[in-house]
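**Student:** What follows is the residue order along each chain.
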Amino acid sequence: EAQVTQNPRYLITVTGKKLTVTCSQNMNHEYMSWYRQDPGLGLRQIYYSMNVEVTDKGDVPEGYKVSRKEKRNFPLILESPSPNQTSLYFCASSSRTGHYTFGSGTRLTVV
Amino acid sequence: GEDVEQSLFLSVREGDSSVINCTYTDSSSTYLYWYKQEPGAGLQLLTYIFSNMDMKQDQRLTVLLNKKDKHLSLRIADTQTGDSAIYFCAESSSNFGNEKLTFGTGTRLTIIP
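So the protein lines, in turn, are chains V and P.
Note that the numbering used here has the first sequence beginning at 985, numbered continuously upward.
Note that the numbering used here has the second sequence beginning at 3, numbered continuously upward.
No wet-lab data here; the hints were simulated from the structure.
What you are looking at is a predicted structure, and each value in this text was computed from that prediction instead of being measured.
Incorrect hints may appear among the rest.
To be verified - Reference listing, derived: stretches of chain V covered by chain P, where coverage requires no fewer than 3 residues with Cβ under 8 Å from a Cβ of chain P:
#	region
1	1026–1037
2	1070–1084
3	1087–1094
To be verified - Counterexamples of contact, computed for chain P against chain V with all Cβ distances above 10 Å:
#	residue
4	G17
5	M57
6	T104
Unchecked claim - Some residues of chain V that are not near chain P, with every Cβ distance over 12 Å (derived):
#	residue
7	E985
8	P992
9	R993
10	L995
11	S1017
12	Q1021
13	G1042
14	K1053
15	E1054
16	R1056
17	N1057
Glycine included, every Cβ here is placed at the ideal spot set by N, Cα and C.
Chain P with its partners taken away, still in its complex shape (with noise of 0.2 Å):
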């Protein structure tokens, strides 16, 4: 079936880039997406690429994917305290409609003052 891979762990200084990767296998993705969850919040839909594009870019956020090599990355420019969160990559590979997302673990981002 799909998997989707992401590291647990970011610890990154205020004020610098945060770079979160994810890889997946599937490689019918239509949509790929990157979820924000806040402490004891739901998830926050951030951003989403089709799977014909190779980058998307919209203020702090850039999205890249490199879909030969089925990676994809979300950054985060001049990160804020407000950026600590969990984020959660997602493919959605359903070519008739919205049936299933698969989700990565979540990468926890810790901002360092």
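Bound conformation, chain V alone (with noise of 0.2 Å):
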């Protein structure tokens, strides 16, 4: 089946401690992109992947990064989490010139 993989799907921390999230697609889709939703703000974009090894910032990237060492794969990263990234993340891929398939969403909570 063609999907988009996250995970945790469910993420308590604590200030500070380092996380990963992980990403994976089987449908070798070339973009790949990270957003977070926030109520009332509907889903910005944190950063996306054009393919291997090209990565580039969206419209909130402070505080997190990623990386694309694999086509399937595109962690996101958040080196020292703060309260303010409490949030529900979402991974998404498509092709070229296809629509974007999302992931389930992982909801993070840092305290």
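Using the hints, put the two chains back together into the complex; each one sits in its own frame.
**Tutor:** Written out as structure tokens, the structure reads:
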């Protein structure tokens, strides 16, 4: 089944403790992207990647890092999480001319 | 930058038609999308329209695009309880690929029995 898989689905962590949210797609898509969803703000793009080793900032990249060492994986790294990064995170992928498929989301709480 | 706006809430009686509206600012939008998000779930692509089209119909869904006014709407005919969800309008303005979707705030559709 074609899908985007994120892990974990839920995560509670403490301020400053580094964490990684994984994202994997099995559709051989070139494009991958991370969004965060906050009430009243919709989804905002954090980072995106056009292919292996090609990444760029979205609208809200501060406090986040990404890497794209393999085509299928696009992890989101929070080196020193803060409470304002409490949010619902979505990974998505698409082919160059197709439409995005979204993962099921990761709900992160930073206390 | 690009901006997409939607009202936050809509309530509709079961069996009536729902109309969810969206406005956008980017005149170079190529595709406009409607996504559905059910509670606890990810985003499901409902439908999309290319910017040179005026209307697209898919079963109970009708999308209308007024490019002059930069206005997009989604009509759901015969609204059912299973249509309760948050509906996001999004636009893509990349001419070379799919770097970015710009989303609206989402409209929470509530069905009144």
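**Student:** Taking the hints in turn, state whether each one holds.
**Tutor:** The hints, checked one at a time:
For the region 1026–1037 of chain V, the proposed coverage by chain P is satisfied: 6 residues have a C-beta within less than 8 Å of a C-beta in that chain, meeting the threshold of three. For the region 1070–1084 of chain V, the assignment as covered by chain P holds, since 9 residues bring a beta-carbon within under 8 Å of that chain's beta-carbons and 3 suffice. For the region 1087–1094 of chain V, the stated coverage by chain P holds: 3 residues have a C-beta nearer than 8 Å to a C-beta of that chain, and at least 3 were required. The Cβ of G17 of chain P sits about 29 Å from the closest Cβ of chain V, beyond the 10 Å cut-off, so the non-interface label holds.
For M57 of chain P, the non-interface assignment is confirmed: its Cβ lies about 19 Å from the closest Cβ of chain V, beyond the 10 Å cut-off. A Cβ of chain V approaches the Cβ of T104 of chain P within 10 Å, the least distance being about 8 Å, so the stated non-interface status is violated. E985 of chain V, annotated as away from the interface, keeps every beta carbon of chain P farther than 12 Å; the closest lies near 14 Å. Every C-beta of chain P lies more than 12 Å from that of P992 of chain V, the closest at about 14 Å, which supports listing it as non-interface.
A cut-off of 12 Å between C-beta atoms contradicts the statement that R993 of chain V is not in contact with chain P; the least separation is 9 Å. With a least CB separation of 15 Å from chain P, L995 of chain V remains clear of the 12 Å interface cut-off, as annotated. Non-interface status of S1017 of chain V relative to chain P is broken: a Cβ of that chain comes within 12 Å, the nearest being about 7 Å off. Q1021 of chain V, annotated as away from the interface, has a beta carbon of chain P within 12 Å; the closest lies near 8 Å.
Against chain P, the non-interface label of G1042 of chain V is violated: not every CB pair exceeds 12 Å, the least being about 7 Å. For K1053 of chain V, the condition that its CB be more than 12 Å from all CB atoms of chain P holds, with the nearest at approximately 20 Å. Chain P leaves E1054 of chain V outside its interface by the beta-carbon criterion, the shortest separation being 19 Å against a cut-off of 12 Å. Consistency note on R1056 of chain V: stated as away from chain P, and its beta-carbon is indeed over 12 Å from all of that chain's, at 17 Å minimum.
The claim that N1057 of chain V lies off the interface holds: its Cβ sits roughly 18 Å from the closest Cβ of chain P, which is beyond the 12 Å cut-off.
Figure legend: structure checked against the earlier numbered hints; hints not met, in rising order: 6, 9, 11, 12, 13.
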